[in-house]
Structures are given as structure tokens and as C-alpha cells.
Amino acid sequence: DAGVTQSPTHLIKTRGQHVTLRCSPISGHKSVSWYQQVLGQGPQFIFQYYEKEERGRGNFPDRFSARQFPNYSSELNVNALLLGDSALYLCASSRGTDHSYEQYFGPGTRLTVT
Amino acid sequence: AQKITQTQPGMFVQEKEAVTLDCTYDTSDPSYGLFWYKQPSSGEMIFLIYQGSYDQQNATEGRYSLNFQKARKSANLVISASQLGDSAMYFCAMIRSGGYQKVTFGIGTKLQVIP
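These protein sequence lines are chains A and B, in that order.
Numbering of the first sequence is given in this note's numbering, commencing with residue 1 and proceeding in unit increments.
Numbering of the second sequence is given in this note's numbering, commencing with residue 115 and proceeding in unit increments.
Bear in mind the hints are in silico, worked out from the structure with no lab data behind them.
Treat the numbers as computed from the prediction; the structure is a model and nothing was measured.
For glycine and all other residues, C-beta sits at the position ideal for the given N, C-alpha and C.
Treat the hints with caution; some may be incorrect.
[As the list claims (entries may be wrong)] Partner residues are not named here, just some residues of chain B that face chain A (Cβ under 10 Å, in silico):
1) Glu158
2) Phe161
3) Tyr178
4) Phe182
5) Met203
6) Phe205
7) Gly220
8) Ile221
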């Protein structure tokens, strides 16, 4: 079975631009979470989506938004990019039930803002 | 609020030796789960082991075991018989039961296995 996939792998953007990152979960997984990992730190939770609804949001500004599609894939959008948004963006999928705590991560998208 | 503390920025271990990576946590939730992930230089987070707060036995997965001491709020990872491929960043993480599955991560420990 295919794991979690993310696209693109790498991305370079300029301050003020907008970016869209994509994630496809493992087949059968209905929940997708997004994390930001700045160099030298652990991942920080941004969003969780389950069955196309936002189930949780971390401490990130409104410039960050996301959505989940009927096929459970997801997009993370970041507007008005800042230099501090440079990071590895990780997507994780899980079955989404209360008894399934295992999250499986994708390879990440490395975003560089110049 | 949940908090994970990893106090070892870097660790060295001789190949074939065992190593313990420390993790302490803080939470007011009565039910929670604790994880360890491995992150090689490629960036992908690899799930290693999970321990539920009500599990009676310490979790084990092959060469990985989680030394769970609830009263001390610690969840140390023990890697036995270290291999060169174990060199990576290791993150301790916590999830609260129920609700949404926000995972709180520590800042990680960089493990280097020496031949």
C-alpha cells in the first residue's frame, strides 16, 4: 500500500507570495493533520481535518488555512509568506477514530521563503 | 496544556550497545498516549512505538522499548543493539485521548551511532 504522499517536495517562494501544499493520505485513512517543522525544532501542529471538517487548529495566524476533499486528500494554503514560514511542512494521516492514535507521516514539503 | 521535554540535544552510542533517550511530559489529561518517532536526514517521520497511559505493560517493538514511569511522567526510549542506521533525530510526542488528534512533540535528540 502507498504511504502518505506530499507535493511538491521542495518549493522556493518570495515574501508576500501565496503557496499551496498538497497531501494524499493512506488509503482508508480519513484524517489528515498538518505540521510545521522549523529547523532544529520538533513539528508544531497546524491543523487536523476529519471527514472534510476542521477538527483542530494550532496557534498559527489566519494566513494559514487548509481544506480536505471528498477523497480525503488535503491542501494547506499559506498567504502573504514571511521569511519565518520557511520550514518543512509535514502531513500525517490516521484512521481518525478515537482508538487509532497512530499517525503516519509523509516525506514533507520543504518550503524556502526568500 | 501538554508539554514534552527532551533534555539531551545529542547522544553518542557505540554500535551494538544499548542507549536510552530521555523524555518527560506534563499533562492534565487523565488519558493520553506517548509516541516516539525517528526522523532521518531525509526528513520523513517514522513511527517507532506507542504507549497508552492506561497500558499496564511497557510497550516493545523489536529493538525498541518504552520505559514508561507514570508517576515520574517519563517515557524513555530504549534502543538495544544499536545499528549504524539508527543515527537520526528522535522525537518524543504525546497525544491526548479523544477529541482531535493533536500531537505535541519535544525538540528531539540527535543520536549518532559510532562504528
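Under the criterion of a CB-CB separation shorter than 10 Å, is B/Gly220 in contact with chain A as hinted?
Since chain A brings a Cβ to about 5 Å from B/Gly220, closer than 10 Å, the hint holds.
Should the hint that B/Ile221 touches chain A count as held when the rule is a Cβ pair under 10 Å?
OK, holds: B/Ile221 within 10 Å of chain A, min 5 Å.
Interface hint for B/Phe205, Cβ within 10 Å of any Cβ on chain A
Constraint on B/Phe205 satisfied, holds at 5 Å.
For the restraint on B/Tyr178, tell me whether the closest CB of chain A is nearer than 10 Å.
violated (14 Å)
Identify whether the interface hint at B/Phe161 stands, where standing means a beta carbon of chain A within less than 10 Å of its own.
holds (6 Å)
Can you verify the interface hint for B/Met203: is its Cβ closer than 10 Å to any Cβ in chain A?
With a minimum Cβ separation of about 9 Å from chain A (threshold 10 Å), the hint on B/Met203 holds.
Let me know if the C-beta of B/Phe182 comes in closer than 10 Å to any C-beta of chain A, holds or violated.
Since the shortest Cβ distance to chain A is 15 Å, the answer is violated.
Under the criterion of a CB-CB separation shorter than 10 Å, is B/Glu158 in contact with chain A as hinted?
Holds. Min distance 5 Å.
When the structure is compared with the earlier hints, violations turn up for hints 3 and 4 and for no others.
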